Each structure stands twice: as C-alpha cells, then as structure tokens.
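Sequences listed follow chains A and B, in order.
Residue numbers for the first sequence, in the numbering used here: 1 to 188.
Residue numbers for the second sequence, in the numbering used here: 1 to 447.
Everything labelled a hint here was simulated from the structure, so no lab data went into it.
Model, not experiment: these values are computed from the prediction.
Be a bit skeptical, because a hint or two may be false.
Unchecked claim - Mimicking DSBU-like on lysine-lysine, the simulated pairs with C-alpha atoms at most 30 Å apart in a straight line are:
1) A:17 <-> B:332
2) B:40 <-> A:17
3) A:15 <-> B:41
4) A:143 <-> B:26
5) A:25 <-> B:45
6) A:15 <-> A:74
7) B:443 <-> A:172
8) A:25 <-> B:39
9) B:245 <-> A:17
10) A:65 <-> A:15
11) A:15 <-> B:40
12) B:422 <-> A:172
13) A:178 <-> B:390
14) B:26 <-> A:178
15) A:25 <-> B:26
16) B:291 <-> B:314
17) A:145 <-> B:18
18) A:178 <-> B:443
19) B:18 <-> A:159
20) A:65 <-> B:39
21) A:172 <-> B:390
22) B:311 <-> B:426
23) A:143 <-> B:18
24) A:180 <-> B:390
25) A:25 <-> B:40
26) B:26 <-> A:74
27) B:41 <-> A:74
28) A:74 <-> A:172
29) B:235 <-> B:249
30) B:26 <-> A:159
31) A:17 <-> B:39
32) A:172 <-> B:26
33) A:180 <-> A:74
34) B:45 <-> A:15
35) B:314 <-> B:332
Claimed, not checked - Counterexamples of contact, computed for chain B against chain A with all Cβ distances above 12 Å:
36) 29
37) 63
38) 237
39) 301
40) 305
The beta-carbon is built from N, C-alpha and C at its ideal position, and this holds for glycine as well.
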Amino acid sequence: MLSDRQIIEGCSGHKRKSQQMLYDKYSSLLLGISLRYAGNRDEAEDILQDSFLRIFSNIDEFSEKGSFTGWLRKIVVNTAITHYHANKKFRHYVDIDDFVSTETEGTSFEENLFSSEELYLVMNELPAGYRMVFNLYAVEGYKHKEIAEILNIDVNTSKSQYSRAKDSIRTKLGVLRKLKGSYSADGS
Amino acid sequence: MVHNNNEQRLKTKKTEIKVSELFRQKLEGYEIVPDGSVKKKLMRKLELQEFMHFNLFRFNIWYLALITAGLITGLLLLISGEPQQEQVPEVAVKTGTEIIINKQPAILHPAASNNLRSLPASTVKPVISKTPDNTIIENSADIKERTITQNTVSEAASKDGLIEYQKNENSMSEKVLYREGALFEASATNGCSPLKLKFHKIPALCDSCRWTFGDGGHSSESDPEWIFDTEGEYKVELTVFCPQKPPEKSFILINVYPRPLARFEITPENPAIPGEPVTFLNFSSGASVFKWNFGDGRESDTFEPIHSYGKPGKYNVSLIAISDNGCSDSVKIDNVLSGSEYYIRFPNAFIPNQLGPSGGYYSARTDESSVVFHPVFSGVTDYQLRIFSKMGIMIFESNDVNIGWDGYVDGVLSSAGVYIWKVRGKFRNGESFIRMGDVTLIKAVQN
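Chain A on its own, in the form it takes in the complex (with noise of 0.2 Å):
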C-alpha cells in the first residue's frame, strides 16, 4: 500500500485510483465520526460522503505539516456541522424522553460494561443540538467559547445544552446498564 504522501499527490492530480485509495484507507475512520454527529446512518454516510467531495477539491490546501488523519477529522466535523445548521429547521422539537433528566453529578460507570454500538445508539437518540455540542465538548475537546461561535449560540447555551446532553446520556446509560444488570442476574 502507498504511504499518505504518494495517495496526496495522486489525489491532487485528480487520479481516481489515488481517490479511490483514500477513501478505502479512511472512510471507516471518518464514517465513525460523521456518525457521532448524525442522527441516523443515512445521515451520516450523507456527511461522509461530502466530507469526501470537500476533501478531495480541497486536498492542495493540506500542508505537510499538521496530521493528516487531524485534518481529515476537521474536515467531517465541519461537514457535519454544515449539515446540522442546513437541516436546524426541521429539528425543533424536544423528544419527550429528553424530559428525564435525573440524577446529579458525579455518576460514573464502568468502562467496559457498554459496547461502542450502544454508545453510539445514545448519542442518536439525543437531540441533534445535544449532540452537537457533547460531540464538541467531549469528543473533539473544543472550548465552549468555540463551540459557541462554531454554532452561532451563547456560550451559556453551549454549557447548559452540554450539562443537559450529559444528564439525558446519563440517564439513557443508566436504564441501558440496569436491563444489563437485569440480564446478568437472571443469566447466570
């Protein structure tokens, strides 16, 4: 296999095989993200694939310096970024089982007692202004004031969506672990 800098070059050449490489080498990488942000898998592979279409029109502005799996990431978290403020307007309800939000902080859980697939399943089910701002926050690691200016919102709005998606999270974790409690007991 060729090394990122030769798959570069051949994508800024507008070589399809250099393209086609690319995206073998990182879509799962880059549809794990897209899917963070997204509602649903449509969703998401929608943004996986405009983040692609950016990547490879943009690929010249790549500089050698930064990472490139970093840049590719910048590149689907502004993607879906674009696509939640292209989509706000059908988003304004609040699912009612956003309403449950219980307990306080400081709940914890074991790390290994949620697969991958349920954490993503949780993260779905949020509103996607929740999502947004936890993926920002928690995953991506950016400041509240940029997530801020990032979605057009207060800062405060950032802190308090983020509490609140961390509450509805909590929440979600909290009866997913107990029918996992539930299981165990009777299972073995």
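Since chain A is already given, all that's left is putting chain B on it; use the hints.
Then chain B, alone, in the frame of chain A:
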C-alpha cells in the same frame, strides 16, 4: 434488582470513568465500515463534479459544449449554403414602422406606429391607411380572426399540484391575426407570462428566413414556437432571404404581462372549531382582485377575509389573484385546518417520589425529574387516562389532563416495572384520539 446493581457497581468501582471520558475513549477512534453503495455514489458524484469543471487534460462539459457548438455551426452553414429558388410574389407588407412595397421601404407616420404599439391584439386596425400610398391600404375584412383555445401554458402549470394557474377567458384568449400580404402571422400579440406563441411564415415566400424574438433568441424554422418567460415588450422580427433580392423584413410587437402571485396563510393556525374566526392573511403580489373559496361552499372577494367554520373538518381553501392585465394565479391549500399542532405524547418511564404520594399534580416546569407520569400536550379538551397493571387490573384513572399518576395506589408505592396506559379524549378542533402504550416505573437508587 436494585440491590444487585449496587453490588455490581461496587465491584467494578475501580474501572469507573466519567461520561465524557467514556465516550472519548470508546468512540474517538472507532471505525465503522461504510456501505459499498456509498463509495459508488461518491465516485459518481466526483466524476460529475470533475466533468463540470474545466480541466485541460480531461473530457469535460466545456469540451462538450465546444463540440456541440461546432456541430451546430457546421449544420447551419450547410443549410444556408443552398437557398431555395422560389418566386417571390409581389407583396405589400405592413410591418409596424417599416413598409416594404416592391422592395421600396416607406416610413410609416410615427404617430401611427405609436398607436399600433399601444393597441391590444383584438383591436389592431389597419393603421396603414394613413400612409401616402393608397395601394397598400388593408381592408379590415381581410383580417381574419381565428380563436385558438390554447391552454397549454396553464395546463403545464397546473401539473405543479399546489399552484394552479387560472386560465382567463377574457383578454387572454389567443387569436391568430391572419394578414393577407404580411410576411407572417402570430397566435397573439399579448398575454401573461410565461407566454407561448406560435408564429407562421406565409408559405409563398422564399424559404430561407431568420426570426429574432427580441429576447436574444432566434430561429430559422418557418413556423417556430416561442415561449416568453419574463414580462416585457418584445419585438419579433422576420427576415426573409430571397435570391437576387435584398432581404425583406417585417416585425410585430409582443406584450408579455407579469403573472401575479397568489399566496396566503391562516391565523390562528389552530383555531377552536366551532367559534374562533380564522383570518386569511393575504401575501399575494401583483394582483388587484381576489377571489376566495373557503371550501365550505362560501366565497369572498375581500383582500383579507375573516371566516368562521361551523364544524371541524377538511376544508380546501383556494385563492385566485387577478392582476390589472387580467393575468391570474391561484393557490389552493388542502385541509387548511390540519396544520394543527395539537398533540399528546407520553414518556416511557418515570421515577416516583419515594417520600410519599403527591396526588398527581404536576407542572411541566417543576416536574423536570418526572416524578409524575403525565403527557405533554397541546389543545386537549376531553381526557381520560387509565393505568393498568401487567395483570390487566386498572389501578389508576384520571379525567383531568393536569393530573397524572404519581406511582402510588391507595397510598402505597407500586413496585418497579412496566405498566400499561390507555388514554382517550378530544382535541380542540374536535378530533378525537385514543392512545395506548407502556411506561416503566423506575425506583431511584438510594445510596
């Protein structure tokens, strides 16, 4: 079960981490293999994108356009290269300001041409009589009018579904002005945009000709059809080329009137029926006359009518907006009252307060911890909620939407688990609803 959980938590306490860390560790680098179709779609999009962009070394739309243009010019050259040899009858031609009699152009009186320009099609009179040469006076009897029911434009528009252009019988009916001796005839000289016209060259003339339509378009067919998309005045000119003669020209002025736009909304969006009057907000533009049909057999022609419906139902409301020129547009909203935001939704779990029964009172603002099982709703008038145990025994009933179940039966907290609920009632618009579902009663873990 709760006890069991606690035990498990204690056991695994050492490996516990916070929610944000949990997600970062588990999902930051997680890979999911996308569906094969995604790659195919992407590659297709990529090809299209590259096709649309110019690239010196790749076949793209610019090259395609170049080739097409080349082919068309070649064809045109071929056609114009062999002009038809036909006898030209001696014609006197009335053409707005220019009159060609036996190849001698004469200029029409300017006032006359202005006159002609402002007259609508049906009243075009042979103004030519003002010209010095009496031989070309046209007899008005020579103007044969044929009415063509040309509804193609309005039919095409009505396929759109929501918006239906209303055809107008009065001023817009299309007529062919057949002129003896003119170079061509047109199916109309005015109309509403988009206006589709048919032009017909008098066949006896030389076959080689060129039309210009005044909007940048041209044609060399003998009987072209042309659609004028935007409003304005267009000069349609025909030039006929005959061998060994200077080309003959003739033109006509076409008036295309703007099409108005019909739009409306209702307020309030969720009126209480019967009783609350509905205001129809008119957002139409370019129109002066309005015709409303409220779908219950009643009509109005005021700008913004207020209407009361007698009973709930599906009403299809239509509005026709007509401009001063007689152009019209219509819009129809089916089931206008159904954009209602009446809803009732129930949560799937709640956590009763273990300190004692609350009587089921709640307010959406204070019950954030969901200690009472209750719906979120809008526009509910009649309401009956019943809760059943898994054995099918009714354990709770409420006829007030503002009172939910606090989890207690006869002062005793029910056990954790799944309960069945059934609700029936009516919304403000008269629509009735029945919903069923289950709810999990969760007992908060007490540390």
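Right, here's what the structure says about each hint:
no.: 1; hint: A:17 <-> B:332; in the structure: violated, 53 Å
no.: 2; hint: B:40 <-> A:17; in the structure: holds, 13 Å
no.: 3; hint: A:15 <-> B:41; in the structure: holds, 17 Å
no.: 4; hint: A:143 <-> B:26; in the structure: holds, 20 Å
no.: 5; hint: A:25 <-> B:45; in the structure: holds, 19 Å
no.: 6; hint: A:15 <-> A:74; in the structure: holds, 23 Å
no.: 7; hint: B:443 <-> A:172; in the structure: holds, 15 Å
no.: 8; hint: A:25 <-> B:39; in the structure: holds, 12 Å
no.: 9; hint: B:245 <-> A:17; in the structure: violated, 63 Å
no.: 10; hint: A:65 <-> A:15; in the structure: holds, 23 Å
no.: 11; hint: A:15 <-> B:40; in the structure: holds, 16 Å
no.: 12; hint: B:422 <-> A:172; in the structure: holds, 25 Å
no.: 13; hint: A:178 <-> B:390; in the structure: holds, 20 Å
no.: 14; hint: B:26 <-> A:178; in the structure: holds, 20 Å
no.: 15; hint: A:25 <-> B:26; in the structure: holds, 20 Å
no.: 16; hint: B:291 <-> B:314; in the structure: holds, 20 Å
no.: 17; hint: A:145 <-> B:18; in the structure: holds, 22 Å
no.: 18; hint: A:178 <-> B:443; in the structure: holds, 11 Å
no.: 19; hint: B:18 <-> A:159; in the structure: holds, 17 Å
no.: 20; hint: A:65 <-> B:39; in the structure: holds, 29 Å
no.: 21; hint: A:172 <-> B:390; in the structure: holds, 24 Å
no.: 22; hint: B:311 <-> B:426; in the structure: holds, 14 Å
no.: 23; hint: A:143 <-> B:18; in the structure: holds, 18 Å
no.: 24; hint: A:180 <-> B:390; in the structure: holds, 22 Å
no.: 25; hint: A:25 <-> B:40; in the structure: holds, 15 Å
no.: 26; hint: B:26 <-> A:74; in the structure: holds, 19 Å
no.: 27; hint: B:41 <-> A:74; in the structure: holds, 22 Å
no.: 28; hint: A:74 <-> A:172; in the structure: holds, 28 Å
no.: 29; hint: B:235 <-> B:249; in the structure: holds, 12 Å
no.: 30; hint: B:26 <-> A:159; in the structure: holds, 23 Å
no.: 31; hint: A:17 <-> B:39; in the structure: holds, 13 Å
no.: 32; hint: A:172 <-> B:26; in the structure: holds, 17 Å
no.: 33; hint: A:180 <-> A:74; in the structure: violated, 35 Å
no.: 34; hint: B:45 <-> A:15; in the structure: holds, 15 Å
no.: 35; hint: B:314 <-> B:332; in the structure: holds, 13 Å
no.: 36; hint: 29; in the structure: violated, 7 Å
no.: 37; hint: 63; in the structure: holds, 16 Å
no.: 38; hint: 237; in the structure: holds, 46 Å
no.: 39; hint: 301; in the structure: holds, 35 Å
no.: 40; hint: 305; in the structure: holds, 30 Å
Consistency with the previously given hints fails for numbers 1, 9, 33 and 36, ordered from lowest to highest.
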